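Novice: What follows is the residue order along each chain.
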Amino acid sequence: MKMKFSKGEKNGAMKYIAYGSGKKKHEITFHQEKGIKIDKHQADIEIVKDGGLFFLKWNNKRYTAEIVDKNQNKYTLLVNGVSYDYSIETPTSYKRKKYLEKNEPKTKIQEVSAPMPGKIIEVLAEENESIKEGDPLFILEAMKMQNEIISHINGKVTKINVKPNESVEKGAILVEIE
Amino acid sequence: MKIKSLLIANRGEIAVRIINTAKKLAIKTYVIKTAKEPKAMYLEMADEIIDFSESIEDIPEFLDIERIINAAKEKNIDAIHPGYGFLAESPYFAQRCQEVNIIYIGPSADAIYKMGNKTIAKQIAIKHKIPLIQGSDGNVSSFKRAMVIARNIGYPVILKAASGGGGRGMRIVEKPKEMEKNYKLATTEAQKAFNDASVFIEKYIKNPRHIEFQIIADKHGNIVHLGERECSIQRKHQKLIEESPSPALDNKLRKEMGEDAIRIAKAVKYYSAGTVEFLLDSDNKYYFMEMNTRIQVEHPVTEAVTGVDLIELMIKVAEEEKLPFTQKDVKLKGWAIEYRINAEDVQSGFTPNQGILERFCYPNGKTTRIDTGVSDGAAITPYFDSMIAKLIVTGQTREKAITNSLTALNKIRIQGLKTTIPFHKAVLNTKSFREGDLSTSFIDTEMTKLFHQEPGEEEMAAFIAAFDYLLEVQSDEEAVVDYEKGKNLTPWLLNKRLKSL
Chain A
0 MKMKFSKGEK NGAMKYIAYG SGKKKHEITF HQEKGIKIDK HQADIEIVKD
50 GGLFFLKWNN KRYTAEIVDK NQNKYTLLVN GVSYDYSIET PTSYKRKKYL
100 EKNEPKTKIQ EVSAPMPGKI IEVLAEENES IKEGDPLFIL EAMKMQNEII
150 SHINGKVTKI NVKPNESVEK GAILVEIE
Chain B
0 MKIKSLLIAN RGEIAVRIIN TAKKLAIKTY VIKTAKEPKA MYLEMADEII
50 DFSESIEDIP EFLDIERIIN AAKEKNIDAI HPGYGFLAES PYFAQRCQEV
100 NIIYIGPSAD AIYKMGNKTI AKQIAIKHKI PLIQGSDGNV SSFKRAMVIA
150 RNIGYPVILK AASGGGGRGM RIVEKPKEME KNYKLATTEA QKAFNDASVF
200 IEKYIKNPRH IEFQIIADKH GNIVHLGERE CSIQRKHQKL IEESPSPALD
250 NKLRKEMGED AIRIAKAVKY YSAGTVEFLL DSDNKYYFME MNTRIQVEHP
300 VTEAVTGVDL IELMIKVAEE EKLPFTQKDV KLKGWAIEYR INAEDVQSGF
350 TPNQGILERF CYPNGKTTRI DTGVSDGAAI TPYFDSMIAK LIVTGQTREK
400 AITNSLTALN KIRIQGLKTT IPFHKAVLNT KSFREGDLST SFIDTEMTKL
450 FHQEPGEEEM AAFIAAFDYL LEVQSDEEAV VDYEKGKNLT PWLLNKRLKS
500 L
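The listed protein sequences derive, respectively, from chains A and B. First residue of the first sequence? That's 0 in numbering that gives the first Met the number 0, and the numbers climb one at a time after it. First residue of the second sequence? That's 0 in numbering that gives the first Met the number 0, and the numbers climb one at a time after it.
Same shape as in the complex, but just chain A (with noise of 0.2 Å):
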């Protein structure tokens, strides 16, 4: 794969970092000469687009990925099926983000959202209850199933946003999290 850089940062090299949820991190690095690195490591990958999937050979395993969101530099992505959420920042802006968050109060609200359009059956959770990723906090019936909607993240319910029997939109923030 060849690659021509416009405009690069010193050496002729772009330096990309990718922050994800549960602060992973990797340092990609594109390089007119040398070629690709992944956290520090020469990367020889390979790799061919087909219609929105990429097909990817590293280290001698074989990966297919797929952009499924992308929102300026906020990515979601699937590679083999599991997906992935990331924010690619420049060193400079990452450094940035990093301060903010520093100096941002501690708390902070997050939104679980409705995955999907559907009836809530039941809502589990309860307002100022502590509650931990993987807690069950609704039931939606959708497709004539019963789905539990599972927090994502670990906090303290501030808001519940919806009643048993009341029909939610895709999308629709079902409870505040702080």
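Source of the hints: derived by calculation from the structure; they are not laboratory data. Keep in mind it's a predicted model, so treat the numbers as computed, not measured. Please note that the accuracy of each hint is not assured.
Part of the chain A face toward chain B, derived, beta carbon under 8 Å [to be verified]: (1) 60; (2) 66; (3) 74; (4) 76; (5) 83; (6) 146; (7) 149.
Ideal placement from N, C-alpha and C gives every residue a C-beta, glycine not left out.
Since the structure of chain A is provided, determine the placement of chain B on it from the hints.
Specialist: Here is chain B on its own, set in the frame of chain A:
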């Protein structure tokens, strides 16, 4: 009577599956088109389409008995195959077919009714000395009564809310002295959760296996079993992986359970294909659960190890033919495992992942079979189930079938949706699964993570995101074409211009 035309009162992969066998037998196929999926694969494959796009009643199309019967009569169709789900276990539908002289491809209405009614099925099992899970006959009115019943059936026992289900409102009691506390808790919980305090008692079977026997019988009194399927890998009573044979059965136990399965089927004068479900405990004691009076989703694993075509046999039986083999001809050869590839997000608790299946490619090999009703561009909608396909993988041994499975799962390419494939890989990589040590609580007790991640996936995701971002940044920075003047513009210049406007 030879069946010359067949209406398939179903959709998806099972409609496609039935069409394939009907074609082999030179039977003309009819299917029902609904407005919910007007471009489905099964419609393309059938000879004739009956259009139910215009909704008449509030009843869903595949449940509208009179509309289906009328359509079949109008087109002079010989027979109806119900598939699974929908009307497959409706005694009334089978009855109506008979009344209007349409051949129902399945058992008699009487057999469907008796096996579909839990109380009657239980009574039949008792009468024919089929082992059942012992328990209270109906609800238990007091703690004292609970003590008496528990002593009779032996500890541990489980208290279940009469109005409950799905694992809620259940309490396991290991010893007599724990009964009083648990009885109180169970009744108050049941009252709170279901507004009904009544509970009943059953013998508690710890980590049972789900073992079911495939039965096939003709209308001349011949009946054989085609071995077992183990369907212990379940989540909330939804089967996810099924295999045949079961690693838990030896020939002696297979014979014993198979004979019991035949006995209960005979008790209702069963004909056509059916499945007798049992629970098997760790002491190899088994208990009858229920009989399913239809073709099942997981029938391909039986076909793979016995070499029969179950749909063909169902059609032949409906044509009054005799079974072409006897019990001693049935030999289980090799091993087969089926994986349900559903559009579900395993990472967020198996929630349905609706959307468009942009691409679906799968391997074709001697050891793989794919049963599917969708292809590229199909929508996974909230109207029907979330199944994309069933992958059936075989091998000479279980070990070989597992190896072949991992290869096959890695070769399936799906774009646009999240599926249960990472779950299947995680199961296959669990030691106890490889050792054949299964139970219906496998997912809860044996799996620490429900989806498989290959080393390097995280890095590859990060790399692709960064790579895509880099390409975007570059295309932004590379001069933007000014179409008006045919000159190149840099973003800075463009910005300047915009400001000056």
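Novice: Hint by hint, work out which the structure violates, then give me just those numbers in ascending order.
Specialist: The structure breaks none of the hints.
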